[in-house]
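Residue numbers (my numbering), protein chains in the order written: chain G, 747 to 958; chain P, 747 to 958.
Bear in mind the hints are in silico, worked out from the structure with no lab data behind them.
Watch out, some of these pointers could steer you wrong.
No copy labels: a pair is met if it fits in one copy or bridges any two.
Claimed, not checked - Once the Cα atoms are required to be at most 25 Å apart in a straight line, the calculated SDA-like pairs of lysine to any residue come out as:
(1) K876 with T865
(2) K876 with I777
(3) K768 with E871
(4) K876 with R792
(5) K768 with E911
(6) K876 with Y764
(7) K831 with R894
(8) K876 with G784
(9) K831 with M747
(10) K876 with T800
(11) K876 with R767
(12) K876 with L748
(13) K831 with Q794
(14) K876 with A922
(15) K831 with S926
(16) K831 with R881
(17) K768 with T789
(18) K831 with E882
(19) K831 with Y783
(20) K768 with R894
(21) K768 with D848
Note that the coordinates shown come from a computational prediction; the quantities given were computed from them, not determined experimentally.
Number of protein chains: 2
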Amino acid sequence: MLEFAILGLLQEAPMHGYELRKELTAKLGAIRAAISYGTLYPTLRRLQAAGWITEAAETPATAEEVPALTSRRGRVVYTITAEGKERFAQLIAQAGPETYDDTGFGVHFAFFARTDQATRLRILEGRRRKIEERREGLRDVLGRAAERLDAYTLELQRHGLDACEREVRWLEELIANERSGRAPTVPQPGTAGGRRENDSPPPPGESRKERP
Amino acid sequence: MLEFAILGLLQEAPMHGYELRKELTAKLGAIRAAISYGTLYPTLRRLQAAGWITEAAETPATAEEVPALTSRRGRVVYTITAEGKERFAQLIAQAGPETYDDTGFGVHFAFFARTDQATRLRILEGRRRKIEERREGLRDVLGRAAERLDAYTLELQRHGLDACEREVRWLEELIANERSGRAPTVPQPGTAGGRRENDSPPPPGESRKERP
DNA sequence: GCCGCGATGTATCGGTTCGATACATCGCAC
DNA sequence: GTGCGATGTATCGAACCGATACATCGCGGC
Chain G
747 MLEFAILGLL
757 QEAPMHGYEL
767 RKELTAKLGA
777 IRAAISYGTL
787 YPTLRRLQAA
797 GWITEAAETP
807 ATAEEVPALT
817 SRRGRVVYTI
827 TAEGKERFAQ
837 LIAQAGPETY
847 DDTGFGVHFA
857 FFARTDQATR
867 LRILEGRRRK
877 IEERREGLRD
887 VLGRAAERLD
897 AYTLELQRHG
907 LDACEREVRW
917 LEELIANERS
927 GRAPTVPQPG
937 TAGGRRENDS
947 PPPPGESRKE
957 RP
Chain P
747 MLEFAILGLL
757 QEAPMHGYEL
767 RKELTAKLGA
777 IRAAISYGTL
787 YPTLRRLQAA
797 GWITEAAETP
807 ATAEEVPALT
817 SRRGRVVYTI
827 TAEGKERFAQ
837 LIAQAGPETY
847 DDTGFGVHFA
857 FFARTDQATR
867 LRILEGRRRK
877 IEERREGLRD
887 VLGRAAERLD
897 AYTLELQRHG
907 LDACEREVRW
917 LEELIANERS
927 GRAPTVPQPG
937 TAGGRRENDS
947 PPPPGESRKE
957 RP
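The task is simple: from the sequences and hints, build the whole structure.
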């Protein structure tokens with residue numbers, strides 16, 4: 747999962763570890779906590795070993811020697827390779843069961859701008875199916891096993907059931923939207939005041955960000 | 747986390763692995779997928795080594811010998827010890843940061859019937875604080891970094907933000923309820939042999955919301 | 001009669017991820 | 001000048017997952 751996210755992010759720009767973590771946190775903040783370095787660095791090494799990314803120690807720009815008595819530990823900048831881009835495309839195409847769990851779906855969704863419409867639709871529908879199953883499971887428990895459980899546990903189930911129903915509705919809207927071929931704009935009943943006229947087209951547009 | 751849940755469940759009745767998993771799934775179905783055996787069995791072994799639980803091979807009841815040519819692999823029934831109950835109480839009392847993340851909070855909440863009111867209140871408020879922070883983070887991203895992100899990523903953040911707002915309201919209700927409603931104080935069911943009966947604290951009120 | 005098949009049941013293995021920790025530099029406020 | 005928070009790289013043990021293997025039981029279909 748993290749592999750997927752890293753490959754996706756590095757397609758926007760080369761980055762070093764710390765920056766990668768920040769971008770990851772910004773992009774995936776809605777679905778999971780900040781990624782741990784204990785995961786990030788080993789994964790970067792794994793990706794490099796596989797040839798999907800390359801690492802390069804940052805040279806101080808206009809490199810005069812002066813090896814520096816204070817041996818500056820350079821930042822390590824990671825860049826995606828052509829094979830890495832292929833790999834990313836492959837990861838998008840193939841969908842296992844993990845594509846539809848909470849984290850997997852979230853990560854895939856976060857990179858929908860780089861995903862073609864047919865795949866988006868497939869993922870959205872797979873996720874809906876999975877959530878519907880979870881919903882049915884919760885209804886079963888609330889219906890059949892209710893007397894075996896205490897009031898707090900039941901309240902938790904009710905809360906979860908409501909979340910499922912909400913997510914299904916959300917997915918329905920996204921699916922309908924996707925079918926009609928428009929950008930993802932779900933009408934929200936008076937949410938927080940974040941105004942945006944952001945429009946990222948269905949085809950993967952080259953978005954950009956820059957360096958300090 | 748799993749340790750906590752197992753200890754909590756085994757206080758209701760002794761169980762074998764498979765049953766434990768089913769009960770766990772029923773109780774925590776709203777917040778996490780079914781627990782893996784690759785986690786369950788090693789954890790049981792760990793708990794046994796620590797002395798919190800004991801394991802006993804199930805005897806076929808009114809044990810006639812007849813070692814059986816078909817060597818029946820007996821079910822292994824786990825029972826909580828006095829030290830295990832102490833341990834559970836200790837785990838309830840002490841709250842680390844992991845008490846307030848999605849999984850940790852869910853598990854603690856699921857065992858609120860065995861938790862005293864003051865602790866329930868503390869956990870509820872800690873969770874609210876954590877969700878409020880996440881909410882602020884999402885608002886920041888949606889406000890300040892919106893132009894850097896594509897429409898799908900933004901939609902994801904909006905969905906997450908909505909979930910946060912919902913959960914905060916849910917928590918508010920639970921907290922208000924907890925403060926006004928008098929203490930449930932859970933009676934401990936008989937340890938061995940007896941089928942558990944239902945002991946429900948006062949209803950945590952009416953509401954439904956959000957995602958796990 | 002017997003055959004497959006799904007539910008019950010115990011168990012291990014490899015791999016991913018987390019949380020804590022360590023260490024070093026930079027800029028800025030006190 | 002000194003502390004301190006942000007930036008930055010890195011490792012280690014432990015928790016947890018998903019796949020897999022293997023065995024028994026009851027039940028319906030042929």
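The hints, checked one at a time:
With identical chains, the CA atoms of K876 and T865 are at most 25 Å apart within one copy only, with a shortest distance of 16 Å there and 35 Å across copies. With identical chains, the CA atoms of K876 and I777 are at most 25 Å apart both within one copy (17 Å) and between copies (14 Å). Proximity of K768 and E871 under a CA criterion of 25 Å is satisfied in neither setting, with 30 Å inside one chain copy and 28 Å between copies. In this assembly of identical chains, K876 and R792 lie within 25 Å of each other by CA distance neither inside one copy nor across copies; the values are 31 Å within and 33 Å between.
Taking CA atoms no more than 25 Å apart as the test, K768 paired with E911 passes between copies only; the shortest distance there is 24 Å, against 32 Å inside one copy. For the identical chains of this complex, K876 and Y764 are inter-copy neighbours only, at 23 Å across copies versus 34 Å inside a copy, given an alpha-carbon limit of 25 Å. Proximity of K831 to R894 under the C-alpha cut-off of 25 Å is restricted to the inter-copy arrangement: shortest distance 21 Å between copies versus 52 Å within a copy. Taking the shortest alpha-carbon separations for K876 and G784, only the inter-copy value of 23 Å comes in at or below 25 Å, while the best intra-copy value is 30 Å.
When the C-alpha separation of K831 and M747 is checked against a cutoff of 25 Å, the pair qualifies only within one copy, where the shortest distance is 15 Å, while the shortest distance between copies is 38 Å. In this homomeric assembly, K876 and T800 never come within 25 Å of each other (Cα to Cα): the closest approach is 37 Å inside a single copy and 37 Å across copies. Proximity of K876 and R767 under a CA criterion of 25 Å is satisfied inter-copy only: 20 Å between copies versus 29 Å inside one chain copy. Taking identical chains as interchangeable, the C-alpha atoms of K876 and L748 lie at most 25 Å apart whether they share a chain (21 Å) or sit on different chains (24 Å).
For the homomeric pair K831 and Q794, the shortest alpha-carbon distance inside one copy (13 Å) is at most 25 Å, but the shortest distance between copies (48 Å) is not. Taking the shortest alpha-carbon separations for K876 and A922, only the intra-copy value of 18 Å comes in at or below 25 Å, while the best inter-copy value is 34 Å. Neither within a single protomer nor between protomers do K831 and S926 lie at most 25 Å apart by alpha-carbon distance, with minima of 29 Å and 58 Å respectively. Neither within a single protomer nor between protomers do K831 and R881 lie at most 25 Å apart by alpha-carbon distance, with minima of 36 Å and 33 Å respectively.
Only within a single protomer do K768 and T789 lie at most 25 Å apart by alpha-carbon distance; the minimum there is 16 Å, versus 34 Å between protomers. Taking the shortest Cα distances, K831 and E882 never come within 25 Å of each other, neither inside one copy (39 Å) nor across copies (34 Å). Taking the shortest Cα distances, K831 and Y783 sit within 25 Å of each other inside one copy (23 Å), while across copies they are farther apart (36 Å). Taking the shortest alpha-carbon separations for K768 and R894, only the inter-copy value of 13 Å comes in at or below 25 Å, while the best intra-copy value is 45 Å.
For a Cα distance limit of 25 Å, the shortest separation of K768 from D848 qualifies both inside one copy, at 21 Å, and across copies, at 21 Å.
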